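*Asks:* Work out the full structure, taking the sequences as your base and the hints as a guide.
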Amino acid sequence: MYSRAYKTAVTIPPLLWVTVFLLVPYAILFCYSFWSVSSAQTILHNWNLQNYLQLARNPIYAQVLFRSMRIAASVTVLALLLGYPLAYYLSFHAAKRKDLLYQLVIIPLWASYLVRGYAWKTILGSDGVLNGFLQYLHITHRPVEFFLYSPFAVIITLTHIYTPFTLLPIYASLEHIPRNLVEASHDLGASPWSTFRRVILPLSLPGVLAGATFAFVLSLGDFLAPLLVGGPSGIMISNVVVSLFGAAYNWPLGAAISF
Amino acid sequence: MTETAAHAAASGSSAASAAPILSIRQVIKRFGQRPVLRGITLDVASGEFLTILGESGSGKTTLLRLIAGFEDLDSGEIWMGAERLDRIPAHHRQVNTVFQSYAIFPHLSVFENVAYGLRAKYTPKSEIPERVTQALVMVKMGEFTQAAPAKLSGGQQQRVALARALVNRPRVLLLDEPLSALDANLRRQMQVELKSLQREVGITFIFVTHDQEEAMALSDRVALLRAGLLEQVAPPREIYGEPATAYAAQFIGQTNLLRAEVRDGIASAGSIVWHTFGTTGTGTYSLRPECIRLVAESESAGMLPADVTTARFRGRIRNQSFGGAMDLIEIDCGGAHPIRARVPSPGILSGEREFEFAASDAVRVREGESD
Chain A
6 MYSRAYKTAV TIPPLLWVTV FLLVPYAILF CYSFWSVSSA QTILHNWNLQ
56 NYLQLARNPI YAQVLFRSMR IAASVTVLAL LLGYPLAYYL SFHAAKRKDL
106 LYQLVIIPLW ASYLVRGYAW KTILGSDGVL NGFLQYLHIT HRPVEFFLYS
156 PFAVIITLTH IYTPFTLLPI YASLEHIPRN LVEASHDLGA SPWSTFRRVI
206 LPLSLPGVLA GATFAFVLSL GDFLAPLLVG GPSGIMISNV VVSLFGAAYN
256 WPLGAAISF
Chain B
81 MTETAAHAAA SGSSAASAAP ILSIRQVIKR FGQRPVLRGI TLDVASGEFL
131 TILGESGSGK TTLLRLIAGF EDLDSGEIWM GAERLDRIPA HHRQVNTVFQ
181 SYAIFPHLSV FENVAYGLRA KYTPKSEIPE RVTQALVMVK MGEFTQAAPA
231 KLSGGQQQRV ALARALVNRP RVLLLDEPLS ALDANLRRQM QVELKSLQRE
281 VGITFIFVTH DQEEAMALSD RVALLRAGLL EQVAPPREIY GEPATAYAAQ
331 FIGQTNLLRA EVRDGIASAG SIVWHTFGTT GTGTYSLRPE CIRLVAESES
381 AGMLPADVTT ARFRGRIRNQ SFGGAMDLIE IDCGGAHPIR ARVPSPGILS
431 GEREFEFAAS DAVRVREGES D
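Protein sequences, first through last, are from chains A and B. Position 246, counted from 1, in the first sequence is what our numbering calls 251; the numbers after and before it change by one each time, with no gaps. Position 5, counted from 1, in the second sequence is what our numbering calls 85; the numbers after and before it change by one each time, with no gaps.
It is possible that part of the hints are untrue.
Said to hold, decoys possible - Just a sample of chain B residues kept apart from chain A, beta carbon distances all over 12 Å, derived:
1) 106
2) 126
3) 164
4) 207
5) 235
6) 283
7) 307
8) 316
9) 346
10) 379
11) 414
12) 425
To be verified - Beta-carbon label-pair distances, calculated as ranges:
13) B/265 / A/97: 38 to 44 Å
14) B/279 / A/97: 38 to 44 Å
15) B/202 / A/100: 30 to 36 Å
16) A/24 / B/137: 54 to 60 Å
17) A/184 / B/404: 43 to 49 Å
Claimed, not checked - Quick look at which bits of chain B chain A covers, simulated, 3 or more residues with Cβ under 8 Å:
18) 167 to 177
19) 196 to 204
It is worth saying that the hints were derived from the structure and are not from the lab. Since this is a predicted model, take the numbers as computed values, not measurements. Cβ atoms here follow ideal geometry from the backbone N, Cα and C, with glycine treated the same way.
*Replies:* In structure tokens:
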């Protein structure tokens, strides 16, 4: 096996990296959350729990946090509903089109996040593509306002951005299922639907879990989509953190929210 | 058709004459442009242990998959009794498969694996535990009911796969090289168990293998498949004793193929001459190594055979390999290929010696298309 020196040599650099650039900043930030800001905008190093008390007392923060969770949960569900069937089709039925379809899933990841965000702005805006289309069909006579600058817009945009992240682990786990298990299930008299429910779905659950985690965590921490298409009602927790650290210059409160 | 081939065909049909349980008719299957099965017609009798024997690429697994319903055939029909099997989906067929790699569901316990087929067919819940236990006891896995499949050895997984298939009481059980992943000892043990299990349950077994010894040991009949065509279908003793083709003779056991000129009831292949009932012309004969006898030096009076039923020839001993009770020796008779003989260990031989064989042991065979 590998020598002790070799093991140490390969473990130290990543461990150092994580410590210096992740754990130490976390610790510093954690300390910040117990400090306060003076009226002269300087940080006072007096240990107290004021920031956490303020978070608990002011319902705005809980509201934003709750909304962020709701949006992230919606995105997760939608991404799974879109991603799973596509991953299933890709893995089991696409045959020759598999490579092409797989590339089509990957390609959007090459486009910048901002570009995709602005694209949704153009689609959902009051003289946007969607409203133009609806008016053209005489389904509505006035632009529908709630498309843009709403939680709805944030959910749509985030679902679009994070569906590939959900699809890929699901696809990987489906690809890992030996095909003779599917054949064995049919052989034993299980219908295609029953085979899906009793063999394919349980064996792909690790992928579903990984995909759902990606969608939930990434959208919960997202601040660009709410900034671009969210409007005041689409504000998420990250936006609050950003504004506290930036414009408000209240690092201690921002740090407290982060934890 | 030669006498032996006609005989083989006759006995082949008689074995399956009592209303075949499975009838494969003119089945053709291609993968893209490549033909895999080129017209297979085969009847399987109820309760029979039939082995489909062939080299890799002969189409044996494809034939099994067509019966199971994992592949669609390009033309032809498969009947099970009065039911057109190839038209119904795999999950409605009364056929179960034991897969080469076992295909045990990794997320289910041994019990749930075996119960899978029963649950899929909505067997009354009260019946399930008893039938599952019964099946597991039958394959000697009674104490592993709640085990996780990952903890089982290859041989144990094999038994679970067998129980999982048999618990459904299929009309035909398909086995796709089920023993090929086991080591030699376990394999021989499983062969014996498989054979007695088949007698016990009385279910028709269709067993696919590339191992001719396994085929001989287990089967009531062997269907020898070669490049998508059936070469011969007959009981193992018959295939061995009266191979229909040169390929069958070579694939099942070792043999010497003698290309002989036949004239007036005398066949001659180089220096080897014997009496035959074969028709005049050129013909290929199969002579098994164990049919050749070393003539004791005191007996070898001359080149004259003792009578018309025995043939004698002389040859130089080129090679001798010790094999315990029997030695395999290679005899140079001046032909392109040495003649191989298996004789009771005679001590070390050298020089030129005399050999004999019964003329009836030289069996006329058809040449295959690509020999």
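*Asks:* Each hint needs a verdict: does it hold in this structure or not?
*Replies:* Here is what the structure says about each hint:
1. 106: Non-interface label on residue 106 of chain B holds, nearest chain A Cβ at 25 Å vs cutoff 12 Å.
2. 126: Non-interface label stands for residue 126 of chain B: nearest chain A Cβ at 21 Å, farther than 12 Å.
3. 164: At roughly 18 Å from the nearest Cβ of chain A, residue 164 of chain B sits farther out than 12 Å, so the non-interface label holds.
4. 207: 15 Å, holds
5. 235: 18 Å, holds
6. 283: Since the minimum Cβ distance to chain A is about 15 Å, residue 283 of chain B lies beyond 12 Å and the statement holds.
7. 307: 25 Å, holds
8. 316: 28 Å, holds
9. 346: Non-interface label on residue 346 of chain B holds, nearest chain A Cβ at 57 Å vs cutoff 12 Å.
10. 379: Residue 379 of chain B clear of chain A: closest Cβ-Cβ about 60 Å, beyond 12 Å.
11. 414: 53 Å, holds
12. 425: Nearest chain A Cβ is 47 Å from residue 425 of chain B, so the label holds.
13. B/265 / A/97: 38 to 44 Å: 40 Å, holds
14. B/279 / A/97: 38 to 44 Å: 40 Å, holds
15. B/202 / A/100: 30 to 36 Å: For residue 202 of chain B and residue 100 of chain A the Cβ distance comes to about 33 Å; the hint holds.
16. A/24 / B/137: 54 to 60 Å: Hint holds: Cβ distance 58 Å, inside 54 to 60 Å.
17. A/184 / B/404: 43 to 49 Å: At 45 Å between Cβs, range holds.
18. 167 to 177: holds (count 7)
19. 196 to 204: holds (count 4)
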